[in-house]
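Colleague: Residues per chain, in single letters:
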Amino acid sequence: MSERIKHWPGKRLSSKELTGGKVTTTSTDPKVKYAWACGEAISRFLEELKNGKLIGRKCNSCNQILFPPRMFCEDCFTPTNEWVYVKDTGTIETYSISYLDTDARRIKDPIYVGVLSVDGASEKQGIMHYFGEVTPKTIKIGMKVKAVWKPKKDREGAITDIKYWRPLRRGEK
Amino acid sequence: MRKVACIGAGMTLFWRRLQETGKEMCWEAASMALDQAGLTLKDIDMVVLGSAPDAFDGIHMKGENLLDGAGGAKKPYMRVFTGGGTAVFTPIAAWWHIASGLANKVLVLCEEKMSSVFPHPQSAFGHIWDPILDRPLKPNLVWIFAMEMNRYMTKHGIKKEDIARIAVKNKRNAVDHPCAQLPDPNITVEDVLNSEVMAWPVQRLDISPPSDGASALVKTSEKVAKKVSDDIAWVEGTGWCIDKTMWTCRDLVFPEYVARAAKQAYRMAKIDNPRKQIHVAEPYDPFDYKECHHTEGLLLCDKGKAPSMTKEGITYRDGDLPICPSGGLLGVGNPIAATMGIKAGEIYWQLTQQAGKRQVKNDPEVGVCQAWGDLMQYGSVLVMRRG
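In order, the protein sequence lines correspond to chains L and Z. Per the numbering used here, residue 1 is the first one in the first sequence, and the count goes up by one each step. Per the numbering used here, residue 1 is the first one in the second sequence, and the count goes up by one each step.
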């Protein structure tokens, strides 16, 4: 009982005690490798990235253009029906300015990262990606952006074939 | 369905690194809950264990590894897992064991040991992302919360200081929790706003810490509860719901999945006006904005209005609707599944007037707790009423 309980169990350790040999520990460094088959929809999507193009799938049941493409529509639970190219422009739905890298190490130059929805696909159909040519003051939710592609020879059929998304310039489509 | 009672709760200290193994932590928490319920393991029919990703402990199938500490050997035993949602989903799973008539006395355990993976659990979190579309971008888990927080703030025009006030409230509440990892009696809104920017808008003091810990509950049928206990809280409603896997195609402003789970639980509990009929709430608060997000998902205020509830003093222990009186994940700690002790466990202690210094002042009859998990998409909701 919270008030009546007299003893709350647990022996607290400091980081030093755990990793500095003060308490008995054992450790391991597993090496596990994986290879993922990408499936029909995403394989085509990745192949198209090499051509500098973005592709989605249309569901004729709800008329949504799904991006990234999937072979079934999770809303209708029916097969999707056609391939549809979408644009390499879009809108920032949300973003973060990160001073943490993937392992939570501190970094000085922040990573601009967020979710963008892609023009030509249905509402809210988008991906996570990096943003560039922005500053903490200029980046905004709702900003129109365009993909900056790697040179064709460097593309490998990965989401990183787009280096980042930059603000759309005036008069640009 | 049969009536289900909660008649005991227990938990270990929450701390960044505990010396005990997962099994030992489970045994400690289980012993406390059994003691409080006045039962022994021999009395228990079935055991339910909850624990979040195996990758933290580094032991695959850790339900099997933790089994002996959970008291599950030679009994019908199962492990449930819904990411962070496990903290409230595990007592829901225990509820259906009894509501269905299958069991009369169930021991409920939740465990997490996040210190085993080093230097930081972040390296294990890296494996939860989609390997094809997300992982090549080398995401950090804080990113997605920062993105969700930014969208929530921007769409509603909420100021950071109004969200920071939640962290201040919870870390101050945690001063009265004997298990707390990050209590701070003197913390101010300025401290939060001046803390290190991790991934804007998330700053260091907006985040709960990774922790080790275990917690336990004892649940029984009505007949058993009335025979053995004077400290009963009835499980009145349960709900759970999950949003789609394609997280980049979700709304992110309003947790519709929490609202659906809440509606299921409220319907069962015959609650049609939660703002009036709920007297204490423990929504999941791994980040300060998440308490707001979930308060709205639990339909306890209008969309975008949760931060002003704290500004107006409504959510403090002496307010009309105390929220996270335990000190929450922000103050007590975040051993993912084991936060059951400060969600379902706290509501149990509050409803049975056993919360000591943390006791809320409005003599609560009905309380709700909620947890949130998987990839920002899972909501589990439990409503309890004092016996």
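Bear in mind the hints are in silico, worked out from the structure with no lab data behind them. Be aware that a few hints might be false.
[As the list claims (entries may be wrong)] Just so you have them, the derived chain L footprint on chain Z, three or more residues with Cβ under 8 Å:
#1 120-131
#2 200-212
#3 248-254
#4 285-297
[To be verified] A short, non-exhaustive set of chain L residues, derived as facing chain Z with CB atoms under 10 Å:
#5 Gly10
#6 Ser15
#7 Met71
#8 Val84
#9 Tyr85
#10 Thr89
#11 Thr91
#12 Glu93
#13 Asp119
#14 Val148
The C-beta atom is built at its ideal place from N, Cα and C for all residues, glycine as well.
Colleague: Against this structure, judge whether each hint is valid.
Modeller: Tested hints:
{"no.": "1", "hint": "120-131", "result": "holds (count 5)"}
{"no.": "2", "hint": "200-212", "result": "holds (count 4)"}
{"no.": "3", "hint": "248-254", "result": "holds (count 5)"}
{"no.": "4", "hint": "285-297", "result": "violated (count 0)"}
{"no.": "5", "hint": "Gly10", "result": "holds, 3 Å"}
{"no.": "6", "hint": "Ser15", "result": "holds, 7 Å"}
{"no.": "7", "hint": "Met71", "result": "violated, 13 Å"}
{"no.": "8", "hint": "Val84", "result": "violated, 16 Å"}
{"no.": "9", "hint": "Tyr85", "result": "violated, 18 Å"}
{"no.": "10", "hint": "Thr89", "result": "violated, 16 Å"}
{"no.": "11", "hint": "Thr91", "result": "violated, 12 Å"}
{"no.": "12", "hint": "Glu93", "result": "holds, 7 Å"}
{"no.": "13", "hint": "Asp119", "result": "violated, 15 Å"}
{"no.": "14", "hint": "Val148", "result": "violated, 14 Å"}
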